[in-house]
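Student: Sequence:
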Amino acid sequence: MIEATCAFTGHRPKSFPWGYDESVPSCVLLKEILAAQISVLAEQGVTDFLSGMAQGVDLWCTQIVLDLRKKNPALKFHAILPCEGQERKWTALAQEHYRSILAQANEVIYVGEEYSRNCMLKRNRYMVDRASILLAVYNGTYRSGTGMTVRYAQKLGREVIIIDPISRDMKYSHKSQISGY
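Using numbering that gives the first Met the number 0, the first residue of the sequence shown is number 0, and each one after it goes up by one.
Heads up, a few of these hints could be off.
[Said to hold, decoys possible] Simulated restraints, written as ranges between beta carbons of each label pair: (1) Leu-120 <-> Lys-13: 31 to 39 Å; (2) Lys-121 <-> Leu-28: 29 to 37 Å; (3) Lys-154 <-> Ser-22: 36 to 44 Å; (4) Trp-17 <-> Arg-129: 27 to 35 Å; (5) Ala-35 <-> Gly-139: 16 to 24 Å; (6) Pro-16 <-> Lys-70: 30 to 38 Å; (7) Glu-113 <-> Val-27: 33 to 41 Å; (8) Val-27 <-> Lys-170: 20 to 28 Å; (9) Asp-66 <-> Glu-106: 14 to 22 Å; (10) Tyr-19 <-> Gly-139: 17 to 25 Å; (11) Val-23 <-> Ala-73: 28 to 36 Å.
[Said to hold, decoys possible] Here are the computed lysine to aspartate or glutamate pairs in the EDC-like style, where the Cα-Cα straight-line distance is at most 20 Å: (12) Lys-30 <-> Asp-20; (13) Lys-170 <-> Asp-20; (14) Lys-75 <-> Asp-128; (15) Lys-13 <-> Glu-86; (16) Lys-30 <-> Glu-42; (17) Lys-154 <-> Asp-128; (18) Lys-88 <-> Asp-163.
Think of the hints as simulated: they come from the structure by calculation, not from any bench.
Keep in mind it's a predicted model, so treat the numbers as computed, not measured.
Cβ coordinates follow ideal geometry from the N, Cα and C atoms, glycine included.
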């Protein structure tokens with residue numbers, strides 16, 4: 000685990016009321032909150048950011064890090080991919096966007112060689128194992144990859160920052176607050 004490392008997790012666009020329409024005011028506000036939180040983390044000395052590069056929250060957070068990196072070249076973005084070709088079924092435009100972001104990574108790591116039933120879970124655990132902080136956009140859905148990732152980070156005693164995607168309320172849990180897990 001690297002002390003100055005933050006991993007991202009969050010839901011895919013289909014889980015949000017606005018879906019793939021990122022121009023909806025609720026989505027714009029959520030992205031602004033993410034940008035403010037990531038900026039604070041960078042100011043506090045977090046230099047490495049781990050992204051699973053999934054559509055939605057992962058890519059939004061990654062773009063924020065890339066924008067911040069223009070002013071602060073010490074920031075690093077690590078793409079932690081579940082397998083080769085995770086973007087294959089996305090639209091052509093989404094694939095092009097994904098590849099342009101991926102090309103800007105400081106490091107690209109493939110957790111698995113090909114798609115498997117649990118490759119996303121392995122990717123998420125890989126990121127949490129290597130981060131001191133998990134920044135999550137989480138709606139509380141227990142049976143979700145984001146929910147599993149949040150619970151895993153809490154079990155390991157990581158600092159977890161949860162942003163509710165609808166209310167945009169933030170909850171923080173620190174190692175001392177989650178000793179009961």
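Student: Of the hints stated earlier, which fail here?
Tutor: Numbers 1, 13 and 18 - these are the hints that the structure violates, sorted from lowest upward.
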